[in-house]
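Q: The whole structure should be built from the sequences, with the hints applied where relevant.
Number of protein chains: 4
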Amino acid sequence: MSLKRKVRIGMIGYKFMGKAHSHAYRDLPFYFDTDIDPVLQTIVGRDEASVKRAADKFGWLSYETDWRRLIERNDIDVIDIGTPNHLHADIAIAAAQAGKHIICEKPLAMQKEQAFTMWKAAQKANVIHMISHNYRFAPAIQYAKKLINDGVIGEIYHVRAQYLQDWLMDADFPLVWRLKKDICGSGTLGDLMAHSIDLARFLVGEIKEVTGMMETFIQKRPVEGEPTMADVDVDDAVAALAKFENGAFGVFEASRFGKGNRNGNRLEINGSKGSLRWDMENMNTLQLYLDNDVFGMQGFRTIHCTESVHPYAGAYWPAGHGIGYEHTFINLMHAFMQGISTHVNPSPSFEDGYRNQVVLDAIAKSASNGARLKIKY
Amino acid sequence: MSLKRKVRIGMIGYKFMGKAHSHAYRDLPFYFDTDIDPVLQTIVGRDEASVKRAADKFGWLSYETDWRRLIERNDIDVIDIGTPNHLHADIAIAAAQAGKHIICEKPLAMQKEQAFTMWKAAQKANVIHMISHNYRFAPAIQYAKKLINDGVIGEIYHVRAQYLQDWLMDADFPLVWRLKKDICGSGTLGDLMAHSIDLARFLVGEIKEVTGMMETFIQKRPVEGEPTMADVDVDDAVAALAKFENGAFGVFEASRFGKGNRNGNRLEINGSKGSLRWDMENMNTLQLYLDNDVFGMQGFRTIHCTESVHPYAGAYWPAGHGIGYEHTFINLMHAFMQGISTHVNPSPSFEDGYRNQVVLDAIAKSASNGARLKIKY
Amino acid sequence: MSLKRKVRIGMIGYKFMGKAHSHAYRDLPFYFDTDIDPVLQTIVGRDEASVKRAADKFGWLSYETDWRRLIERNDIDVIDIGTPNHLHADIAIAAAQAGKHIICEKPLAMQKEQAFTMWKAAQKANVIHMISHNYRFAPAIQYAKKLINDGVIGEIYHVRAQYLQDWLMDADFPLVWRLKKDICGSGTLGDLMAHSIDLARFLVGEIKEVTGMMETFIQKRPVEGEPTMADVDVDDAVAALAKFENGAFGVFEASRFGKGNRNGNRLEINGSKGSLRWDMENMNTLQLYLDNDVFGMQGFRTIHCTESVHPYAGAYWPAGHGIGYEHTFINLMHAFMQGISTHVNPSPSFEDGYRNQVVLDAIAKSASNGARLKIKY
Amino acid sequence: MSLKRKVRIGMIGYKFMGKAHSHAYRDLPFYFDTDIDPVLQTIVGRDEASVKRAADKFGWLSYETDWRRLIERNDIDVIDIGTPNHLHADIAIAAAQAGKHIICEKPLAMQKEQAFTMWKAAQKANVIHMISHNYRFAPAIQYAKKLINDGVIGEIYHVRAQYLQDWLMDADFPLVWRLKKDICGSGTLGDLMAHSIDLARFLVGEIKEVTGMMETFIQKRPVEGEPTMADVDVDDAVAALAKFENGAFGVFEASRFGKGNRNGNRLEINGSKGSLRWDMENMNTLQLYLDNDVFGMQGFRTIHCTESVHPYAGAYWPAGHGIGYEHTFINLMHAFMQGISTHVNPSPSFEDGYRNQVVLDAIAKSASNGARLKIKY
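Chains as they are written, first to last, in this note's numbering: chain A, 1383 to 1759; chain B, 1383 to 1759; chain C, 1383 to 1759; chain D, 1383 to 1759.
No wet-lab data here; the hints were simulated from the structure.
One should not assume that every hint holds.
One copy or any two copies: either way a pair holds, since identical chains are not told apart in the list.
[To be verified] Pairs of lysine-lysine, DSBU-like flavour, derived with a Cα cap of 35 Å: (1) K1655 <-> K1756; (2) K1758 <-> K1747; (3) K1562 <-> K1434; (4) K1563 <-> K1655; (5) K1602 <-> K1388; (6) K1602 <-> K1528.
These figures come from a predicted structure and were not determined experimentally.
A: Rendered as structure tokens:
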């Protein structure tokens, strides 16, 4: 019987992210020696039959149908927000005011002002706050961060990142919430490029100016459950050029029309002494080029980031035995629980979510007015 | 609160495989809708302090220090054998006689006669019996099986399989149990090539004759905890040529001296209409070549086996979101629990373990006497 | 003894491109059945000793030290321009006026007005004119073109192309002519991105608007042969976002600071029915994804473009036996000779060079003023 | 006008290898500074119309229809043998007796005794003799040889090589000479595995014992030009296990039934300090793993063997600009011409051809009698 401190989770949302977060809370104590354990206390959804089924399936002790009820409860320490984007702010601010720690899915908010308010509310309440940029927690990315910090690839000249999916290319695919601006704020920009911007900010640094371009290839789609069509008012694809404060040069692209790319979250970074390449579809490997290898023996090395020296690898399996998508969330939740335990706020925080949102907003504005824009936090 | 039937597990061994099996039992109900749930009842190890720690870490309800005690207990339904190889037979036979279902790590036994006795004991006791050839349960392998069964690659001409590791190349690495013939029976043969033979039997069919060759590159190693050296009496590397009953031609190789290959479990199958390639270090992808593709557009396709149509994928994540090593065990345990639930013995069974052992023994004998040998079951 | 018509070449420039063109002229008759054969008549260079050595090495019958002399000669049918960029226009216009066919290295000119003048001069003189965008002539690219024309990948949504090299990253590398704006016009823009723009125009269509960004990472370099430093006034890296007339969305990047990328000329095209990927560092293969493959068997196919059905493959070797960089020039020269033979101007022509230059100029201007610009031919 | 010494070639055979050798002789002086130049003096074929066409196409000065006439001619310095295998010995011995230098396609002979006689005849006549194992001359292979010689990968434990093609899988494909034992001596063994054995002997060392296995999947085929079927009396596939004199462990496989593998000539070598991998279908790259790379940064490096430090690269193009299949022959002919110039016999010589044949014969015999066999030269 574990004597560890229990942290009671209340989670809003029970679909894709609800499943991923539920699993991470459950699996965390198996892999990591933490001094606190998450308890799957209450899951929230508006449809009672569905949320009851999810509670049973994912192992939650109870459920609610109104998120406001969750905030009021005294037996909840953490609010986990996995709702559509337009609800993030109301929930997060209420949670902060109730003194609960918060983890929120990305993008943090509908636009930067909302994100700023959320950050400041969490800060004022002195609660732990995180945004769920799970790809930061792939061991290959954490190892890339260490290599960059150690100066292994030198001064960074280039970052190029693509996040390509193809699930939306059928013109008969209906107008789900991710295609409605008043619910999601933006399309691929907030859904996919937000991840690439987070990885770039994590690995390279702050962005100082951007140019953007957007496209909506299919402009009308069937309304769900109705025999009518309605306008798609968000982007199917977005691209951006960026300059970073440290002089690096960035090229970003995200699309849901990248046929054959199911979850093609890729990046390459070129520095003065070496380069890195990563692709989420083969997430365990990192490509590393080192300029000071013997001339003639230079080439990109394919590193399987499962050696004992690689981040998080010690928690899992021996070298060569890879992990999967879900482990990015286990690692993320480990950071979150450590944050609660030590009361030192981990990254990425709501501040990261806010800064990310500032960049996203500038890209959207530039896409609209055609001008290169300075980033102002 | 789940009303599913509970199956109480007693597991012997708590290291690498103990961790993998424990996790699989725990995670199974999250991903699969089964009508029985495994209970982590008792874990067994000879060193009390260590097994107590393992029980706590992995979530077992109790522990024992003598496996015979486990067999006697009435609150155990399943015996899971993860001990060194020389103990498999005694434990399995005792478990069968006590009417308990059995899952045993590979290789099943020290030699074929022992494996045969184990199989017959389980069969006589009418218990469910499995051997833990987890790689069969990689979705890409299960999908390969389906493609072969559906005739997609036609008549099979070739299978070539390599299983290469490199953890034993340091001459100072001590004489652990996997290097002592009286404990493990053989070296890479039973440890690694057993997996390749299982995959080939699963995907291609029964082997009818073999030739073998073995090598021990480092013939003396330090005795653990003593300032002496002792002989390594098992193989560091093994290779075999095989003919299959259906006419296929097989080439197998396993080594712990394959520098740079951490867990290089690879195979290629060539048929009259197509070919397949797989590599465990990138386990989510399967390469498929189809002869009836349009001439000029032919080539190996890289399939990410995470589509809803792929085996097990529905239990996990959306397309493009890969899984890891541990999921092969979750899938294996799912088959085991289904077997217990339906009382239809799943594959690979102890019969598979026996047939595998017959092939391994013939390879070892051929390596010793230089002759090609017929396989007789 | 061949009775084919002879076409006598006069080539200006004898370094990298001089070698590539010389070889192509020599090797062409071996591989292709043409009705005209090129004769290596005269090579031109300002330094007599060097050009004499080159003539001997590459197999030219004679040499000159002044290009104007070449234009005057009656025994020259073709002028091949491989000089630094600032000389292209004078030579090409003089050649046209002298009624000689012309092939010119890229970029065609220093800016679009000059390119336009060159095109019109060639057109007026009714001579055959080509620009040496050799990568169009990789068999994989020609096959990609055929697949796109045949509708195999459907309507095109995306093209993304990178051309990355790393030979200029040493700060001690001197200020060669490719770094001086008055000689080369631009840096990576004209040298590398010109190739990507040509491939995109060839495969996707005309560009209608662009945004650009440029950077010069090392702004002062040693003057060759002098103990002083001087400003680099061209770009080390350039990126551009583009929209095409047919609605496609383009992202382009070129750099000489892409450490580890020696000649990384890569592109990916996503259409409504499929996708293509190509990388010059592995030029014989083309990746093709087809949406109408059986669900579950979908994936990028690696096609080795050496089958008899692939463009140019019949001239070379059996399937699986790849060709190299130099063959792109043999194929290009084949098109040029066919153009001379039939007097039908092949692509890419000076018109293509002009249109390419209009795009390059717009990218440079946008990089400077931060605005998105319409392309006007 | 070149003042180099001319060496006049007489070549017998004008199909695939005739084309490859012709091109190599022609292209050699362009790329290499040699002190002798090959002259395409006379090409030989039995069918006058065909050989006349070949002479014209490939650039030979004259032709003959009887190889014996070629031997008699005084204006021939070199005999190049590209005939079916059963003629190699007669031609080579006659050529040696006539004092002509000889290059012969592989396998050298029909069996080892014949090969021995050829070797001794050439040795006695003091002429330069080579066997055309062109894959040795891929820059990546030559570089691998250098790395091994320099001790970079340490003591060699493993070599595994596959040579897989798929052009013979159609049952309607007729009984061409490569399928008739009295003309070719063996099937895939002499055609494909001979190359792998040569690479292994070059890179690893001499073989001391082997076991073999063979298969003929399609045992009757249509006779060319007749409405009858006849037996295929050679192997469609062959595999062999080998031990080398230096203790290395070898696994070899060759097949013409490896669907999807057009020219899959691959090898991997594992040593105590590192490993190498190579695949002819991507011939410009070599994979190198180094054990003494920093722990965590270890992985196979993809080296593009086109740097100035790589063998032969200086003759061709800048880094990153690959070469093709035909260049292996140019490099081979360069070695041959250097051998003639210096009168130092290059490798691989007829002695290499003989030693290769001894291994091939032992593999065939072992495949037949099922016993492991010692190699005796």
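Q: Work down the list of hints and note, for each, if the structure agrees.
A: Evaluated hints:
no.: 1; hint: K1655 <-> K1756; result: within (29 Å within a copy, 38 Å between copies)
no.: 2; hint: K1758 <-> K1747; result: both (13 Å within a copy, 25 Å between copies)
no.: 3; hint: K1562 <-> K1434; result: within (27 Å within a copy, 54 Å between copies)
no.: 4; hint: K1563 <-> K1655; result: between (43 Å within a copy, 27 Å between copies)
no.: 5; hint: K1602 <-> K1388; result: neither (49 Å within a copy, 51 Å between copies)
no.: 6; hint: K1602 <-> K1528; result: between (45 Å within a copy, 31 Å between copies)
Hint check: a violation occurs at hint 5 only; the rest are consistent with the structure.
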